[in-house]
Every structure is written in structure tokens, then in C-alpha cells.
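So the protein sequences, as listed, match chains A and B.
For my numbering, count along the first sequence from 1 and bump the result up by 4.
For my numbering, count along the second sequence from 1 and bump the result up by 10.
Keep in mind the hints are simulated off the structure, nothing from the lab.
For each residue, glycine too, the CB sits at the ideal point set by N, CA and C.
Wrong hints could be hidden among the right ones.
To be verified - Reference listing, derived: stretches of chain A covered by chain B, where coverage requires no fewer than 3 residues with Cβ under 8 Å from a Cβ of chain B: (1) 110 to 116; (2) 122 to 133.
Said to hold, decoys possible - Which chain B residues face chain A? A few, computed with CB under 8 Å, are given here: (3) 33; (4) 49; (5) 56; (6) 62; (7) 81; (8) 94; (9) 97; (10) 99; (11) 100; (12) 109; (13) 122.
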Amino acid sequence: MKDIIVVKNVDKNIYKRVKSVVALKGYTLGKALTEAMKLWLLLNEAASREYLEYLTYREKSERKLKEIQREYGEKFRNKYVVICNGELIKICNSEDEAFTIAGESRAIQCIVAQLGKKVKEQKIEMGMGVLNEEI
Amino acid sequence: MRKFKYSKDHKPSAPIIKALIITARGRKYELELLVDIGFSGGILIPYNLYEELKLALFEVPEKYYGILPIGVPITLHTALAKVVIDGLEFKIHIHSHPLINKKLAGRELLNKMKILLNGPMEELELLNK
């Protein structure tokens with residue numbers, strides 16, 4: 005006998021359903037539970053406080069960028085703007101300067117964007133390479 | 011001419027490439043990327059690495075949607091960084107998502123290089139120099 009783990013308070017109905025699916029798929033219960041635990045860890049990582057904070061700042065920065073494009077897009081066309089945590093930090097003459105300013109920031113999230121340039125949605129093909137790994 | 015041995019962690023073995031990511035903050039990180047011509051982006055890295063390199067400070071304004079092979083779109087986090095491969099330097103989009111744990115080199119990066127996939131020798135050869 006090796007690697008036996010005893011777990012209390014498992015919902016018996018869920019356990020029975022998992023056991024049936026495991027049998028149907030020809031899995032082992034251990035493998036199924038390991039996959040379920042990995043997925044749980046990933047989901048929790050995705051929903052961590054820091055991650056949600058980051059998403060909030062990203063949204064604020066996007067809103068600020070729209071505002072700045074409306075106000076200064078034409079006036080400072082082709083210059084670069086640095087927006088961190090939803091606040092305008094600086095309008096720079098070059099992209100390199102803008103990235104340096106963003107890098108020096110203690111913010112959680114920054115956007116570096118060119119003024120006067122339309123922001124377009126981009127689609128990326130992910131391919132099978134993202135899927136063929138055990139989660 | 012630089013050669014990279016295929017990864018034996020995949021069956022059959024798979025082409026990989028070593029890249030050095032350099033952020034505008036001066037952080038450097040070397041990693042092995044699986045060559046994936048089905049991925050149209052630049053580089054895909056796990057989210058914990060995206061966080062570690064503080065790439066959220068160098069994000070692009072565009073929203074990038076990754077379309078999974080099953081047709082489902084996911085919002086990617088995308089930043090710009092310098093990438094060095096065997097002395098060749100590129101400014102490349104680095105993508106990430108908390109639920110994807112892969113390190114991939116996509117076509118945005120691969121199309122900048124002359125690459126020979128030498129299958130019988132299980133080697134990827136860079137022909138740029």
C-alpha cells in the first residue's frame with residue numbers, strides 16, 4: 005500500500021457520481037481527484053484577491069485611456085501615454101521612454117498606448133498546443 | 011548556426027526554442043518555448059511568470075482574445091517585451107491567462123526567424139546567421 009490519503013466529510017452523493025464517471029471513463033479515482041484538485045487550485049488562483057484587483061485596475065486604465073484619447077488624442081497624436089492603476093502618469097515622446105516610466109512605477113497595472121491611434125480588438129488562434137497538457 | 015534539441019518530454023519529441031525575455035524594468039528570464047505554429051500570437055507564458063516578471067506594467071491597450079480550438083474565446087493578458095533568441099532581438103507580444111500553463115512560441119515570433127525543423131536529427135536549427 006502506498007500514498008493512501010484519508011479524507012473526512014466528503015459528500016457521499018458527489019463521491020458516488022465521481023466514482024461512476026471514473027469507471028465509465030476507465031480512469032482511476034486517484035487520477036480523477038488529482039485532476040479535480042489541480043483545476044480547483046487553478047480556479048482559485050484565477051479568483052485570488054490580487055488577480056481581481058489587477059482586473060479592476062486594468063478596467064480603470066482602459067476607461068482612462070478612452071478619456072485621454074478623447075481629450076488629447078489629436079493634440080498629442082503619435083506621442084505615448086502611460087496610465088497606471090487608472091491614472092494618467094505621463095505623456096512621453098517615445099515608446100521606450102513610456103516603457104521606462106511604466107517600469108519605474110509601483111503600480112499593479114499599466115497601459116502604454118500611442119495617442120491618436122485606434123484601439124482594435126485582436127483575435128489570436130490558440131491552436132491545439134494549449135490543450136494537450138494534463139491540467 | 012544555433013541548434014536546439016527537441017524536447018523528449020513530448021511524444022513524439024517536439025521542437026523547442028530557448029528565449030530570453032527582457033522587460034523594460036530590466037528583468038531577464040530565460041525559458042524554453044514549445045514551437046507551436048497553431049498559435050498566432052507571440053509568446054504564451056503561465057500567469058505566475060507573467061506576474062513574476064511584472065509584465066502587467068507593460069500592457070498594450072488592445073484587448074486580445076484567444077480563440078481556443080473549440081471556438082471559445084478567452085481574454086488574454088498581453089504585454090510587450092524584448093525577446094532575445096541567439097543574439098536576435100525582437101519586440102514581441104507576451105500573452106498569458108491564469109488557466110493556461112503553457113510556454114509557447116507562436117507565429118508572431120516564429121515568422122521573424124528562418125527556422126529549420128530537422129526532424130530526423132530531432133533538432134531545431136536557426137538559420138538567421
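Cross-check of the supplied hints:
Counting residues of the stretch 110 to 116 of chain A whose beta carbon lies closer than 8 Å to any beta carbon of chain B gives 6, which meets the minimum of three for the stated coverage. Against chain B, the stretch 122 to 133 of chain A contributes 11 residues with a C-beta closer than 8 Å to a partner C-beta. That satisfies the three-residue criterion, and the hint holds. A cut of 8 Å between beta carbons decides the hint on residue 33 of chain B: the least distance to chain A is about 7 Å, and the hint holds. The interface hint given for residue 49 of chain B is met, as the beta carbon of that residue sits about 4 Å from the closest beta carbon of chain A, less than 8 Å.
Among the interface hints, the one on residue 56 of chain B is violated; its C-beta lies about 10 Å from the nearest C-beta in chain A, farther than the 8 Å criterion. Against a cut-off of 8 Å between C-beta atoms, the interface hint on residue 62 of chain B is violated, since the closest Cβ of chain A lies about 12 Å away. Violation of the interface hint for residue 81 of chain B is found here, the shortest Cβ-Cβ separation to chain A being roughly 10 Å, above the 8 Å cut-off. Look at residue 94 of chain B: its Cβ only gets to about 16 Å from chain A, farther than 8 Å, so that hint breaks.
The interface hint given for residue 97 of chain B is broken, as the beta carbon of that residue sits about 20 Å from the closest beta carbon of chain A, more than 8 Å. The beta carbon of residue 99 of chain B comes no nearer than 13 Å to any beta carbon in chain A, farther than 8 Å, and the hint placing it at the interface is violated. With a cut of 8 Å, the hint placing residue 100 of chain B at the interface with chain A is violated, because the nearest CB-to-CB distance is about 15 Å. The criterion of a C-beta within 8 Å of any C-beta in chain A is met by residue 109 of chain B, whose closest approach is roughly 5 Å, and the hint holds.
Contact between residue 122 of chain B and chain A, as hinted, is not supported at the beta carbon level, the nearest pair being about 17 Å apart and thus beyond 8 Å.
In this structure, the hints that do not hold are numbers 5, 6, 7, 8, 9, 10, 11 and 13, in rising order.
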